[in-house]
Amino acid sequence: MKKQKHFNIWKWAFIGLLIIILSFVVFISLKITVPSVSQSSSPAIEVEETSKSYSVVELSMNKENFSDTINYLLQKNNKDSQISYRFILKKNAILMATTNVLGKKVTFSVNAKPEFKNGNIVLDVKSINAGSLNTPSKFILKYIQNNYDLKGIIQINAKQNKITICLDRLTGKNAIQLRAEKLNLKQNEIQFKVLIPKEVK
Numbered sequence: 484m485k486k487q488k489h490f491n492i493w494k495w496a497f498i499g500l501l502i503i504i505l506s507f508v509v510f511i512s513l514k515i516t517v518p519s520v521s522q523s524s525s526p527a528i529e530v531e532e533t534s535k536s537y538s539v540v541e542l543s544m545n546k547e548n549f550s551d552t553i554n555y556l557l558q559k560n561n562k563d564s565q566i567s568y569r570f571i572l573k574k575n576a577i578l579m580a581t582t583n584v585l586g587k588k589v590t591f592s593v594n595a596k597p598e599f600k601n602g603n604i605v606l607d608v609k610s611i612n613a614g615s616l617n618t619p620s621k622f623i624l625k626y627i628q629n630n631y632d633l634k635g636i637i638q639i640n641a642k643q644n645k646i647t648i649c650l651d652r653l654t655g656k657n658a659i660q661l662r663a664e665k666l667n668l669k670q671n672e673i674q675f676k677v678l679i680p681k682e683v684k
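Mind the numbering: the sequence shown is residues 484 to 684 in my numbering, read in order.
Careful: at least some of the hints might be erroneous.
Unchecked claim - Dumping the calculated DSS-like pairs for lysine-lysine here, alpha-carbon to alpha-carbon at most 30 angstroms:
#: 1; residue 1: 676; residue 2: 562
#: 2; residue 1: 574; residue 2: 676
#: 3; residue 1: 669; residue 2: 574
#: 4; residue 1: 645; residue 2: 559
#: 5; residue 1: 625; residue 2: 573
#: 6; residue 1: 642; residue 2: 665
#: 7; residue 1: 676; residue 2: 546
#: 8; residue 1: 573; residue 2: 634
#: 9; residue 1: 642; residue 2: 588
#: 10; residue 1: 562; residue 2: 587
#: 11; residue 1: 625; residue 2: 559
#: 12; residue 1: 596; residue 2: 573
#: 13; residue 1: 573; residue 2: 669
#: 14; residue 1: 645; residue 2: 681
#: 15; residue 1: 596; residue 2: 665
#: 16; residue 1: 559; residue 2: 634
#: 17; residue 1: 669; residue 2: 587
#: 18; residue 1: 634; residue 2: 665
#: 19; residue 1: 588; residue 2: 559
#: 20; residue 1: 546; residue 2: 625
#: 21; residue 1: 669; residue 2: 562
#: 22; residue 1: 546; residue 2: 596
#: 23; residue 1: 609; residue 2: 669
#: 24; residue 1: 609; residue 2: 574
#: 25; residue 1: 574; residue 2: 559
#: 26; residue 1: 587; residue 2: 600
#: 27; residue 1: 562; residue 2: 596
#: 28; residue 1: 600; residue 2: 645
#: 29; residue 1: 559; residue 2: 609
#: 30; residue 1: 546; residue 2: 645
#: 31; residue 1: 587; residue 2: 625
#: 32; residue 1: 573; residue 2: 665
#: 33; residue 1: 546; residue 2: 600
Hints are computed from structural coordinates only; laboratory data are not their basis.
What you are looking at is a predicted structure, and each value in this text was computed from that prediction instead of being measured.
Please take these sequences and the hints and turn them into a complete structure.
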């Protein structure tokens with residue numbers, strides 16, 4: 484009887500935790516139509532809970548190598564999208580997005596201050612150019628946010644003038660997780676972790 488009671492306690496504790504998590508997800512979905520930067524914390528929770536099933540590889544790159552890596556992942560995961568991206572990391576970050584507007588190709592250049600948060604790249608937008616024309620950043624972000632399917636790879640928060648490049652979404656199909664850890668532009672040093680599953684399901 485004691486074993487039966489012990490089993491039920493853990494069973495109901497797990498069910499209770501699952502209900503809390505699902506309730507939280509539903510609440511966020513109802514309150515906010517566009518994921519904010521803070522919502523990207525969910526991948527960090529998943530990593531902590533499943534870290535025992537992953538091998539962690541720590542890597543260091545310079546700005547050029549890191550930009551090449553991000554561009555490769557963006558292109559690989561964005562083949563059928565209406566928008567093509569290019570990411571450049573120098574003194575600041577530049578995210579270029581090319582799409583069709585009224586039948587013509589237009590490239591938006593986003594100039595931003597980058598930071599790593601919850602394993603992802605967060606861009607604090609300073610200005611946006613449409614071609615050679617400087618445009619109101621919040622207006623452009625809102626327009627893209629409302630008119631294009633960004634597939635969860637790019638998250639826009641027009642109110643806060645922020646863009647998040649979700650590294651966890653870029654590698655999710657392969658079960659390998661990429662987490663940005665440290666960004667030092669002055670020293671040209673970027674550190675991140677690659678989480679490789681120990682078992683293939």
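Each hint, compared with the structure:
Simply put, residue 676 and residue 562 have alpha-carbon atoms about 25 angstroms apart, close enough for the 30 angstroms limit, and the pair holds. A distance of roughly 23 angstroms separates the Cα atoms of residue 574 and residue 676; the hinted pair therefore holds under the 30 angstroms criterion. Annotation: proposed proximity of residue 669 to residue 574 holds, straight-line Cα distance about 8 angstroms (limit 30 angstroms). Taken as a hint, the residue 645 and residue 559 pair is honoured in the structure, with Cα atoms around 23 angstroms apart against an allowance of 30 angstroms.
Between residue 625 and residue 573, the direct Cα distance comes to roughly 26 angstroms. Compliance with the 30 angstroms bound is thereby established for this hinted pair. Between residue 642 and residue 665 the CA atoms are separated by roughly 26 angstroms; this keeps the pair inside 30 angstroms, and the hint holds. Simply put, residue 676 and residue 546 have alpha-carbon atoms about 16 angstroms apart, close enough for the 30 angstroms limit, and the pair holds. Between residue 573 and residue 634 the CA atoms are separated by roughly 26 angstroms; this keeps the pair inside 30 angstroms, and the hint holds.
Between the alpha carbons of residue 642 and residue 588 the distance comes to roughly 26 angstroms, so the proposed pair stays at or under 30 angstroms and holds. About 19 angstroms separates the Cα atoms of residue 562 and residue 587, which keeps this hinted pair within 30 angstroms; it holds. Annotation: proposed proximity of residue 625 to residue 559 holds, straight-line Cα distance about 25 angstroms (limit 30 angstroms). Restraint check for residue 596 and residue 573: the C-alpha separation of about 10 angstroms stays at or below 30 angstroms, so the hint holds.
With a C-alpha separation of about 9 angstroms, the suggested pair residue 573 and residue 669 falls inside the 30 angstroms cut-off, and the hint holds. Our distance criterion of 30 angstroms between C-alpha atoms is broken by residue 645 and residue 681, whose separation comes to about 35 angstroms. Distance restraint check for residue 596 and residue 665: the Cα-Cα separation of roughly 14 angstroms lies within the 30 angstroms cut-off, and the hinted pair is therefore satisfied. Simply put, residue 559 and residue 634 have alpha-carbon atoms about 13 angstroms apart, close enough for the 30 angstroms limit, and the pair holds.
A hinted pair counts as satisfied when its Cα atoms are at most 30 angstroms apart, and residue 669 with residue 587 does not qualify at roughly 38 angstroms. At roughly 26 angstroms between alpha-carbon atoms, residue 634 and residue 665 fall within 30 angstroms of each other, so this suggested pair holds. Between residue 588 and residue 559, the direct Cα distance comes to roughly 21 angstroms. Compliance with the 30 angstroms bound is thereby established for this hinted pair. As the CA atoms of residue 546 and residue 625 are separated by approximately 29 angstroms, the hinted pair is consistent with the 30 angstroms bound.
Between residue 669 and residue 562, the direct Cα distance comes to roughly 33 angstroms. Violation of the 30 angstroms bound is thereby established for this hinted pair. For the hint linking residue 546 to residue 596, the alpha-carbon distance of about 14 angstroms falls within 30 angstroms, and the restraint holds. At most 30 angstroms may separate the alpha-carbon atoms for a hinted pair to count; residue 609 and residue 669 meet this at roughly 19 angstroms. Only pairs whose Cα atoms come within 30 angstroms are accepted, and residue 609 paired with residue 574 is accepted, the gap being roughly 13 angstroms.
Only pairs whose Cα atoms come within 30 angstroms are accepted, and residue 574 paired with residue 559 is accepted, the gap being roughly 26 angstroms. Taking the CA atoms of residue 587 and residue 600, the gap is near 35 angstroms; set against the 30 angstroms cutoff, the hint is violated. For the given pair, residue 562 sits about 27 angstroms from residue 596 by alpha-carbon distance, which is consistent with the 30 angstroms threshold. A distance of roughly 12 angstroms separates the Cα atoms of residue 600 and residue 645; the hinted pair therefore holds under the 30 angstroms criterion.
Annotation: proposed proximity of residue 559 to residue 609 holds, straight-line Cα distance about 27 angstroms (limit 30 angstroms). This hinted pair checks out: residue 546 and residue 645 have alpha carbons roughly 21 angstroms apart, not beyond 30 angstroms. As the CA atoms of residue 587 and residue 625 are separated by approximately 20 angstroms, the hinted pair is consistent with the 30 angstroms bound. Simply put, residue 573 and residue 665 have alpha-carbon atoms about 15 angstroms apart, close enough for the 30 angstroms limit, and the pair holds.
Using a Cα cut-off of 30 angstroms, the hinted pair residue 546 and residue 600 holds, with the two alpha carbons roughly 17 angstroms apart.
Consistency with the previously given hints fails for numbers 14, 17, 21 and 26, ordered from lowest to highest.
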